[in-house]
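2 protein chains.
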Amino acid sequence: MSLIAVGTMAFDAIETPFGKTDRIIGGSATYVAYAASNFVQPIQQVSIVGYDFPEEEMNDLKKRGVELEGVEVVKDKKSFFWSGRYHLDMNSRDTLVTDLNVLADFNPVIPESYQGAEFLMLGNLAPAIQKSVIQQMKTRPKLVVMDTMNFWMEIAMPELEETLKLVDVLMVNDSEARQLSGQFSLVKAAKQIMKMGPKYLIIKKGEHGALLFHENEVFFAPALPLEDVFDPTGAGDTFAGGFMGHIAKTKDISFENMKTAIIIGSALASFCVEKFGPTRLKEITKEQIDARIQQFVDLVNFDIKLV
Amino acid sequence: MSLIAVGTMAFDAIETPFGKTDRIIGGSATYVAYAASNFVQPIQQVSIVGYDFPEEEMNDLKKRGVELEGVEVVKDKKSFFWSGRYHLDMNSRDTLVTDLNVLADFNPVIPESYQGAEFLMLGNLAPAIQKSVIQQMKTRPKLVVMDTMNFWMEIAMPELEETLKLVDVLMVNDSEARQLSGQFSLVKAAKQIMKMGPKYLIIKKGEHGALLFHENEVFFAPALPLEDVFDPTGAGDTFAGGFMGHIAKTKDISFENMKTAIIIGSALASFCVEKFGPTRLKEITKEQIDARIQQFVDLVNFDIKLV
Numbered sequence: 001m002s003l004i005a006v007g008t009m010a011f012d013a014i015e016t017p018f019g020k021t022d023r024i025i026g027g028s029a030t031y032v033a034y035a036a037s038n039f040v041q042p043i044q045q046v047s048i049v050g051y052d053f054p055e056e057e058m059n060d061l062k063k064r065g066v067e068l069e070g071v072e073v074v075k076d077k078k079s080f081f082w083s084g085r086y087h088l089d090m091n092s093r094d095t096l097v098t099d100l101n102v103l104a105d106f107n108p109v110i111p112e113s114y115q116g117a118e119f120l121m122l123g124n125l126a127p128a129i130q131k132s133v134i135q136q137m138k139t140r141p142k143l144v145v146m147d148t149m150n151f152w153m154e155i156a157m158p159e160l161e162e163t164l165k166l167v168d169v170l171m172v173n174d175s176e177a178r179q180l181s182g183q184f185s186l187v188k189a190a191k192q193i194m195k196m197g198p199k200y201l202i203i204k205k206g207e208h209g210a211l212l213f214h215e216n217e218v219f220f221a222p223a224l225p226l227e228d229v230f231d232p233t234g235a236g237d238t239f240a241g242g243f244m245g246h247i248a249k250t251k252d253i254s255f256e257n258m259k260t261a262i263i264i265g266s267a268l269a270s271f272c273v274e275k276f277g278p279t280r281l282k283e284i285t286k287e288q289i290d291a292r293i294q295q296f297v298d299l300v301n302f303d304i305k306l307v
Numbered sequence: 001m002s003l004i005a006v007g008t009m010a011f012d013a014i015e016t017p018f019g020k021t022d023r024i025i026g027g028s029a030t031y032v033a034y035a036a037s038n039f040v041q042p043i044q045q046v047s048i049v050g051y052d053f054p055e056e057e058m059n060d061l062k063k064r065g066v067e068l069e070g071v072e073v074v075k076d077k078k079s080f081f082w083s084g085r086y087h088l089d090m091n092s093r094d095t096l097v098t099d100l101n102v103l104a105d106f107n108p109v110i111p112e113s114y115q116g117a118e119f120l121m122l123g124n125l126a127p128a129i130q131k132s133v134i135q136q137m138k139t140r141p142k143l144v145v146m147d148t149m150n151f152w153m154e155i156a157m158p159e160l161e162e163t164l165k166l167v168d169v170l171m172v173n174d175s176e177a178r179q180l181s182g183q184f185s186l187v188k189a190a191k192q193i194m195k196m197g198p199k200y201l202i203i204k205k206g207e208h209g210a211l212l213f214h215e216n217e218v219f220f221a222p223a224l225p226l227e228d229v230f231d232p233t234g235a236g237d238t239f240a241g242g243f244m245g246h247i248a249k250t251k252d253i254s255f256e257n258m259k260t261a262i263i264i265g266s267a268l269a270s271f272c273v274e275k276f277g278p279t280r281l282k283e284i285t286k287e288q289i290d291a292r293i294q295q296f297v298d299l300v301n302f303d304i305k306l307v
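Protein chains in written order, with the UniProt record's numbering: chain A, 1 to 307; chain B, 1 to 307.
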């Protein structure tokens with residue numbers, strides 16, 4: 001029941017209206033691993049780092065059941081670095097610096113020991129890389145989920161279209177769904193995108209929650225109303241990790257179980273934004289996660305008797 | 001178990017990305033009455049119209065159990081007229097024309113026959129007018145709900161603050177909640193506003209749903225994801241009408257029942273936006289309303305077993 005998580009392990013420097021960090025640990029696969037390892041182990045990580053990625057961080061991940069055989073360490077280059085500044089609404093941000101470093105050469109090789117994994121989470125990367133990972137799997141995983149972003153729609157649309165044909169679930173945010181489909185209405189966008197390959201589409205709307213589409217069905221998961229969103233970095237990847245962690249734990253890929261998985265992903269994401277980087281994700285306990293999930297139940301639970 | 005609805009009965013001219021109307025029927029009390037009369041009758045209307053307001057429209061309302069004794073007809077003036085243009089996202093709009101006409105002299109008098117009403121819905125009007133209506137009630141209603149807007153925060157804040165002390169539930173949209181409280185976080189805004197008088201606060205977020213706050217509790221109702229939002233005019237008042245209609249029908253002002261009322265309000269609002277003005281509200285049947293409410297149940301219903 002293992003889960004492969006492909007994505008970046010990196011450094012971020014973040015400015016928000018509440019504060020500013022120097023280089024802290026980030027990367028999509030990092031957030032996915034911290035979130036998913038609450039539910040399922042091992043997580044089989046596929047990534048690339050430079051000489052500067054801390055040994056200590058690697059050990060923290062190993063302790064949580066994250067296998068690192070698929071993480072390439074490049075001895076003479078630095079890790080991927082991103083720096084950004086969030087606006088007051090925390091839904092929009094400006095990129096200040098993108099230093100690809102090791103990511104420029106990323107050409108992931110799936111270790112033999114990862115073969116047979118039932119679940120595959122493809123973090124946001126060049127679509128050709130995501131495709132290469134799918135093609136390296138000797139047995140197709142039960143569920144392949146991918147994230148992407150507007151950047152690839154602009155510079156690699158043909159490759160993105162090819163990769164979309166190979167995945168089960170696409171996760172994007174609302175503006176990416178609109179760009180990918182050319183439709184403003186998210187309902188119309190979803191119909192269009194599901195014609196491109198994915199049988200399921202998750203549209204993330206940040207503080208406004210998330211939508212899950214499948215055929216003619218739709219499910220909505222709210223975001224928890226928070227007093228402060230301290231740092232949204234990694235919230236989407238944490239959501240993905242919580243989602244995949246629950247799916248891999250239960251081995252149930254039905255629409256009904258995906259609903260539950262989205263609530264769990266939303267709960268994990270609500271922790272992520274409480275502190276800079278993955279700090280909060282490293283602290284939380286099972287009891288805290290369960291209590292947070294119960295808050296989601298209370299948040300949307302109502303009683304209707306149609307008479 | 002009657003419900004008093006105070007507000008405008010007016011003409012609107014609307015431009016949206018989908019089309020354009022000439023003068024059509026509008027006004028907050030009109031939408032409240034069309035929505036609430038699905039659940040409770042009579043609705044006791046308090047408003048003011050000019051010589052140009054159609055007799056036919058008055059008759060349509062009467063047929064739905066709307067009492068018009070509290071609607072003043074001014075023989076030598078025109079009805080209130082508003083014209084606006086919506087942007088593509090349908091969450092923002094520009095006002096093109098505001099002709100107050102009869103509304104400049106609106107000084108509502110509650111008819112003797114309305115005394116004893118248990119529920120009072122105060123549509124968006126000058127806070128001093130809203131206050132005067134509350135003070136005219138010889139027995140305080142069980143629940144007083146008011147709507148307001150940023151305009152009054154800018155030009156009549158002291159009167160607004162006085163009126164807020166007299167109501168149970170305030171309904172505003174997210175930007176109004178932020179302006180009224182001076183807080184960006186809606187959770188913080190809600191805490192601040194509930195110190196100003198209302199024990200309950202409903203924050204309407206348009207396509208992103210609505211939040212209900214009370215003490216330390218919060219409930220979230222989604223908006224139904226729609227293929228097209230044709231015309232959002234009146235959606236907020238329709239929401240209020242559905243909410244109040246359910247509360248007045250059930251006579252239950254508990255937090256639990258308010259959750260249900262918000263779902264019903266959201267369902268009615270989802271019809272409102274499907275056609276220009278109140279057109280769709282006049283057509284819908286009980287079966288269609290029940291089916292729509294069931295869609296809300298399906299939209300948010302999920303199964304969590306914490307193990």
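Please note: incorrect hints may appear among the correct ones.
No copy labels: a pair is met if it fits in one copy or bridges any two.
Said to hold, decoys possible - Here are the computed lysine to any residue pairs in the SDA-like style, where the Cα-Cα straight-line distance is at most 20 Å:
| # | residue 1 | residue 2 |
| --- | --- | --- |
| 1 | LYS62 | LYS191 |
| 2 | LYS259 | LEU224 |
| 3 | LYS275 | ILE24 |
| 4 | LYS138 | ASP168 |
| 5 | LYS20 | SER83 |
| 6 | LYS275 | PRO17 |
| 7 | LYS259 | VAL297 |
| 8 | LYS131 | ASP105 |
Treat the hints as calculated values from the structure; they're not laboratory data.
Verification of the supplied hints:
For the homomeric pair LYS62 and LYS191, neither the shortest alpha-carbon distance inside one copy (40 Å) nor that between copies (43 Å) is at most 20 Å. Proximity of LYS259 and LEU224 under a CA criterion of 20 Å is satisfied in both settings, with 16 Å inside one chain copy and 16 Å between copies. For a Cα distance limit of 20 Å, the shortest separation of LYS275 from ILE24 inside one copy, 12 Å, qualifies, whereas the shortest one across copies, 51 Å, does not. Taking identical chains as interchangeable, the C-alpha atoms of LYS138 and ASP168 lie at most 20 Å apart only when both belong to the same chain, with a minimum of 17 Å there against 63 Å between chains.
Taking the closest pair of Cα atoms, LYS20 and SER83 come within 20 Å of each other only inside a single copy of the chain (11 Å); across copies the shortest separation is 45 Å, beyond that limit. Proximity of LYS275 to PRO17 under the C-alpha cut-off of 20 Å is restricted to the intra-copy arrangement: shortest distance 13 Å within a copy versus 41 Å between copies. Proximity of LYS259 to VAL297 under the C-alpha cut-off of 20 Å is found in both arrangements, the shortest distances being 12 Å within a copy and 13 Å between copies. Taking identical chains as interchangeable, the C-alpha atoms of LYS131 and ASP105 lie at most 20 Å apart only when both belong to the same chain, with a minimum of 16 Å there against 69 Å between chains.
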